[in-house]
Amino acid sequence: MSVIVQNLTKIYGQQKAVDNISFEAKKGEVLGFLGPNGAGKTTTMKIVTCFIPQTEGTAEVCGFDVAKDPLAVRARIGYLPEHNPVYKDLYVKEYLSFVAGLHKVKNKRQRVAEMIERTGLQREQNKIIGSLSKGYRQRVGLAQAMLHDPEVLILDEPTSGLDPNQLIEIRSLIKELGQEKTVIFSTHIMQEVQALCDRVIIINKGEMVANDTIETLQQKVTGETVITVEFAQNILQKELNKIEQIKTIKSLGNGRWQIISEANKDIRASVFNFAVANNLTLLEMKKEQYSVEDVFQELTK
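Sequential numbering from 0 applies to the sequence shown in numbering that gives the first Met the number 0.
Treat the hints loosely; a few may be bogus.
Said to hold, decoys possible - List of simulated lysine-lysine pairs, BS3-like, C-alpha gap at most 30 Å:
#	residue 1	residue 2
1	237	249
2	180	67
3	25	15
4	15	204
5	286	219
6	15	219
7	300	204
8	126	107
9	25	264
10	174	133
11	246	300
12	87	105
13	180	103
Note that these hints are calculated values from the structure, not bench results.
Can you build the whole structure from these sequences, using the hints too?
Here it is in structure tokens:
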């Protein structure tokens, strides 16, 4: 495992910002880290990146303890904080060269050029960072996080301020990075979660309330699987009742039906076989799901 967090707790005065959470993040996955404002997401990220110490529990990155070997941990992490702390009075290329020097990157000039190209900063590389839009400053922050080719990327609101075209480009880059690195990705944009994350962790009031794939969480929240089907022919409900494992059936009119089964029962194959056996033409069969927003609201309300 690239990141292992066990029984992590952080207390500020009388308030538990993070309350006994445990999780693991593997190489080759994008892990979504979600929660309402003040839930403890950023605090957890700051502990894992050695910015602040935990009160209790442990956190390891690539086998190194964040409290005992902070320099080893920092060498293996690329971090883009929520409030991107770039030096606004430096030029883009100048700033990235400076960061590469701090990390003692070999072939510094070549690596800076690679990151500028990969994050789409070619036209802005000779501009002062302070003159850039928020979206391009985010790109600069992402470039500095990747400069030293870290094994783990921790990105706190990385798509904030991006326009739709930039969003597609950075989303594609993060997805690509997730195939070769461990990426922990925090955002309030639920569409980003759906598009990017292999698995999500949701925390609320410092406590972890979910740790699973999006599809599994959707089924757990609903407690059932919902399928919409449409046949070319008229059919009676009593005929559909012959399909095994059906919980309830509702007519939607014009040959369309809503079929509900238990959460862990995917009956699409049974519906298809029923159509074949009864010489029915199946025009549509779609598995309906709660949206990510629905799941998030249900788990954090």
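Tested hints:
no.: 1; hint: 237 - 249; verdict: holds (11 Å)
no.: 2; hint: 180 - 67; verdict: holds (23 Å)
no.: 3; hint: 25 - 15; verdict: holds (27 Å)
no.: 4; hint: 15 - 204; verdict: holds (8 Å)
no.: 5; hint: 286 - 219; verdict: holds (15 Å)
no.: 6; hint: 15 - 219; verdict: holds (28 Å)
no.: 7; hint: 300 - 204; verdict: holds (11 Å)
no.: 8; hint: 126 - 107; verdict: holds (19 Å)
no.: 9; hint: 25 - 264; verdict: holds (28 Å)
no.: 10; hint: 174 - 133; verdict: holds (21 Å)
no.: 11; hint: 246 - 300; verdict: holds (28 Å)
no.: 12; hint: 87 - 105; verdict: holds (25 Å)
no.: 13; hint: 180 - 103; verdict: holds (20 Å)
Hint violations for this structure: none, all hints satisfied.
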